[in-house]
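Chains as they are written, first to last, in the numbering used here: chain A, 745 to 936; chain B, 2 to 119.
Please keep in mind that the hints were generated in silico from the structure rather than gathered at the bench.
Incomplete in silico selection of chain A near chain B, CB under 8 Å:
#1 Gly753
#2 Ser755
#3 Val760
Think of the CB as a built atom: it goes at the ideal place given N, C-alpha and C, for glycine as much as any other residue.
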Amino acid sequence: MEFIVEKIGMSRTISVPSTPVTLLKVVETKVCEVNEGKAVVAYSHSKKANKAIEGQQKKYNLSKDFNTFATILVSEKAEAGDLDMSALSEATKVKSSFTTKGRGFSGVMKRWNFAGGPGGHGSRFHRTGGSIGNAEWPGRVQKGRKMAGQYGNAMTTVKNNVVSYDAENGVLVVAGAVPGANGALGRVKVVK
Amino acid sequence: MRNKYIENFENTQLEGKNIPDFRAGDTVRLAVEIKEGEKKRVQDYEGVCISMRGQGTGKTITVRKIGANAIGVERTFPLFSDSLVEIKVLRRGRVRRAKLFYLRDLAGKKARIKELRK
Numbered sequence: 745m746e747f748i749v750e751k752i753g754m755s756r757t758i759s760v761p762s763t764p765v766t767l768l769k770v771v772e773t774k775v776c777e778v779n780e781g782k783a784v785v786a787y788s789h790s791k792k793a794n795k796a797i798e799g800q801q802k803k804y805n806l807s808k809d810f811n812t813f814a815t816i817l818v819s820e821k822a823e824a825g826d827l828d829m830s831a832l833s834e835a836t837k838v839k840s841s842f843t844t845k846g847r848g849f850s851g852v853m854k855r856w857n858f859a860g861g862p863g864g865h866g867s868r869f870h871r872t873g874g875s876i877g878n879a880e881w882p883g884r885v886q887k888g889r890k891m892a893g894q895y896g897n898a899m900t901t902v903k904n905n906v907v908s909y910d911a912e913n914g915v916l917v918v919a920g921a922v923p924g925a926n927g928a929l930g931r932v933k934v935v936k
Numbered sequence: 002m003r004n005k006y007i008e009n010f011e012n013t014q015l016e017g018k019n020i021p022d023f024r025a026g027d028t029v030r031l032a033v034e035i036k037e038g039e040k041k042r043v044q045d046y047e048g049v050c051i052s053m054r055g056q057g058t059g060k061t062i063t064v065r066k067i068g069a070n071a072i073g074v075e076r077t078f079p080l081f082s083d084s085l086v087e088i089k090v091l092r093r094g095r096v097r098r099a100k101l102f103y104l105r106d107l108a109g110k111k112a113r114i115k116e117l118r119k
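All chains should be built: construct the whole structure from the sequences, respecting the hints.
This is how it looks when you write it as structure tokens:
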């Protein structure tokens, strides 16, 4: 089962040892259509509206707020209407998928943790990647060579233990961090 | 302003915590629960609070004392941690700033703090 969530931010517990926690707000979601364990759902994100969205809202009888659509895994009992959140109260482990913070075109030191070279003493090797291969043989660069390039802004999934779930406010508290910025939307999948 | 959900989550944890009101410059005695193997015992730590930082459950205090052989010892505690059994304010100090890091450079009589009289 999956749920659309918004990352609120991080905090910690006062227990010994203290656990760092991330708070996730479960976004109100409406099921539009169920098909073999998968469902088309709608939720509110920004104020975007156009004729295509309006058409879908008319089709599924949704209010103007539900303007974003996604496909998520649901339980077999799911029906069109409000998404049933009760599975979260018994969850102990979740997989959280978010888009990581985009770092743009990054060098190898940031992107692949290369050590880099010395700063001074006449060294002319600082932050560049250095040699990328052998010689006339094999005459090409090995596949998978770590180089500079786009870093971040990619979907990443991590496993988190559930600390608590506040059904009243729809706040899921998980141990540890999840990728992405505060306020970003992602999804959690109940594993256990 | 902090997020209301984070505040809510932290406030439920801080309920029932009875922390006396004090600030940097005050002398405090902390009863710290420490674990030695399987056994737990409470150890006192006494010194001058030289800094208070953070908010909510992440709030910490730094307490400085002069240990054996006149060696300065500083320990930082999460103020609301369950390991702090008791906090007792022994003396109010008259200081003019919130962070007393200058005490690190002073020794002996120079490092004294006057008591606050009202």
